[in-house]
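Each chain is listed here by its residues.
2 protein chains.
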Amino acid sequence: MRIALDALGTDRAPAPEVAGALRSVEADRELRVVLVGDATVACEHPRVEVVHAGERITMDDHPAQVVRGKPRSSMHVAMELVARGDADAFVSAGNSGAVLALAATRLKLPGSVKVRPAVVTVLPTPAGPLVLCDAGANVEPKATAIAQFGALGAAYDRAVHGRERPRVGLLANGREPGKGTALTREAHALLAARAAAGGFEFVGYVEGSDLFRGVVDVVATDGFTGNVVLKTCEGIAEGMFGLVRQELERTPLVRLGAALVAPALRGVAKKIDYTEVGGALLAGVARPVVLAHGRSDDVAIASAIRAAATFVARDLAGQLAATFT
Amino acid sequence: MRIALDALGTDRAPAPEVAGALRSVEADRELRVVLVGDATVACEHPRVEVVHAGERITMDDHPAQVVRGKPRSSMHVAMELVARGDADAFVSAGNSGAVLALAATRLKLPGSVKVRPAVVTVLPTPAGPLVLCDAGANVEPKATAIAQFGALGAAYDRAVHGRERPRVGLLANGREPGKGTALTREAHALLAARAAAGGFEFVGYVEGSDLFRGVVDVVATDGFTGNVVLKTCEGIAEGMFGLVRQELERTPLVRLGAALVAPALRGVAKKIDYTEVGGALLAGVARPVVLAHGRSDDVAIASAIRAAATFVARDLAGQLAATFT
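For the record, the sequence lines run as chains A and B.
Here the working numbering is used: the first residue of the first sequence is 185, the next is one more, and so on.
Here the working numbering is used: the first residue of the second sequence is 185, the next is one more, and so on.
Read the hints as simulated data drawn from the structure, not as lab findings.
Since this is a predicted model, take the numbers as computed values, not measurements.
Mixed in with the good hints, there may be bad ones.
Pairs involving identical chains hold if they fit within one copy or between any two copies, as the list cannot separate such chains.
What the hints assert, rightly or not - Lysine-lysine pairs mimicking BS3-like chemistry, simulated, CA-CA at most 30 angstroms apart: (1) Lys292 <-> Lys454; (2) Lys326 <-> Lys363; (3) Lys254 <-> Lys292; (4) Lys292 <-> Lys326; (5) Lys292 <-> Lys363; (6) Lys254 <-> Lys363; (7) Lys254 <-> Lys298; (8) Lys326 <-> Lys454; (9) Lys455 <-> Lys326; (10) Lys455 <-> Lys292; (11) Lys455 <-> Lys254; (12) Lys298 <-> Lys455; (13) Lys254 <-> Lys454; (14) Lys454 <-> Lys298.
Work out the full structure: start from the sequences and follow the hints.
Quick look at the structure:
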């Protein structure tokens, strides 16, 4: 199996990408990584291949322009490898809007299948993994697209977490059916109608607080709200751990206690650590496309590569596409 | 000073309301509370007055119907006391949509002032209190209303937290000005134009993760997104503390450590405890209206009453209204 990795994606590229690629091939003897980057990229491992690409897509590049412009960028060249079948999946920590736009044109699903590609991400919660879709691709989707996001999330949950009949909720400002906007009320009706055939249970509206209570496996929402929720969770988790660290430094006695509970707290941190999850999946395209965080270190990049490899092994892209045929 | 308290609001009403009223008058010798409720409501304190109202607004009552229906409900009668000037502020833990609809008609700002009432809430963050507006009143507002929410939030922040020139951000799915929806881009332009005259600094778009990094004092958003963010924060805070508690019970050594760090962790919990904050304010009406959580206990109710008293003492309603004249 070969994973194409855009080596110029992270804020400190290409160091995390090169180290992450090495880390992942060392952990999995079946894995090959194609590192696509400029002249600064070098790696001596027999299962890491380096492909050179002179240009770099930055955060300032507008997604729509990226599709036609900068054809020699690392992102274009890596995506091309996947489109041609020379690699099985694509991983990048770069401009996610640009990845999206490129993947939507280069890795389009064949034939009659009409799907709006959407970002699927997994939120670690005390009750287990929660699938969120769309986490940012479609900022102003129609109700039919939001209903699709629920079905995509359910297919992902079934394939990745093995839950036979995922419980899907629609994110809103209250649980009563009268809540929400005109858009969410329309999506509510569509999801209710689609549930039986889609092999999931539709539990109706869920609130922000329901995300952490284990009452749903999948949350469907538009990409604007999904992105805000995802980043709010990341921010609050970081903020709270910062606060805990501060407080546990205060007195010698507290520091002693802190040393005793440190492994337990690390366990908690690990359970809700976003870098462990390994990046978001762009669902609704022909091959697995994994979006890693711009701040990713080598561990996070290796985790994104591992996620991509798992998706390939389970033919996730095919399973998600089948939802719509 | 007299606060009108709807005694039939919480899930376990009227017990938390009666105990909360007592708690608040005992803490503040200047305070009087008018407890409005049915025959089960009784209180013997000289500064707690009981007014009887036969009906109760439930969570199933539709806000629009509440305005005309159930005129003998505790919510109506308590609101009427405030409208007539027999009480200075209103507190309820009941159906917030109903409170909103009632307040919008009974406590309308006089004359030419055109404001859409909005919910202002304070999120505790490691970097200090963060003002969020709108937290749920206007699910599908226009861009002009969202810009008003920023100005309302800034006026609140100035009056309550004493920040002279609050930094206002507009919530979106990214920091670049090209992000967001058509609605947020219009609101972005309006807020930028309004900042100088409004006495606040507009920092542009902020992401969910920025809420906890101390880069803004006020976040403006529509009531749908605001409500989702607020409840997500509540949910994740609860979920994480549940997880920490679980992990700290595992082994005798960890339990010993946990005992030593318990006061420090309680300090953290207090810093981000939503019941301590004391309810949300309905801004843009003639008198302070405080919305408490349906799950409030007596401490949370007392805290909401204290918040209402502070708002009255600082003439917050007047200051917020002045923003628009």
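Here is how each hint holds up against the structure:
no. : hint              : verdict
1   : Lys292 <-> Lys454 : neither (36 angstroms within a copy, 50 angstroms between copies)
2   : Lys326 <-> Lys363 : both (18 angstroms within a copy, 18 angstroms between copies)
3   : Lys254 <-> Lys292 : within (20 angstroms within a copy, 57 angstroms between copies)
4   : Lys292 <-> Lys326 : within (20 angstroms within a copy, 36 angstroms between copies)
5   : Lys292 <-> Lys363 : between (35 angstroms within a copy, 24 angstroms between copies)
6   : Lys254 <-> Lys363 : between (45 angstroms within a copy, 22 angstroms between copies)
7   : Lys254 <-> Lys298 : within (28 angstroms within a copy, 50 angstroms between copies)
8   : Lys326 <-> Lys454 : neither (36 angstroms within a copy, 41 angstroms between copies)
9   : Lys455 <-> Lys326 : neither (34 angstroms within a copy, 40 angstroms between copies)
10  : Lys455 <-> Lys292 : neither (35 angstroms within a copy, 49 angstroms between copies)
11  : Lys455 <-> Lys254 : neither (39 angstroms within a copy, 49 angstroms between copies)
12  : Lys298 <-> Lys455 : neither (36 angstroms within a copy, 48 angstroms between copies)
13  : Lys254 <-> Lys454 : neither (39 angstroms within a copy, 52 angstroms between copies)
14  : Lys454 <-> Lys298 : neither (38 angstroms within a copy, 50 angstroms between copies)
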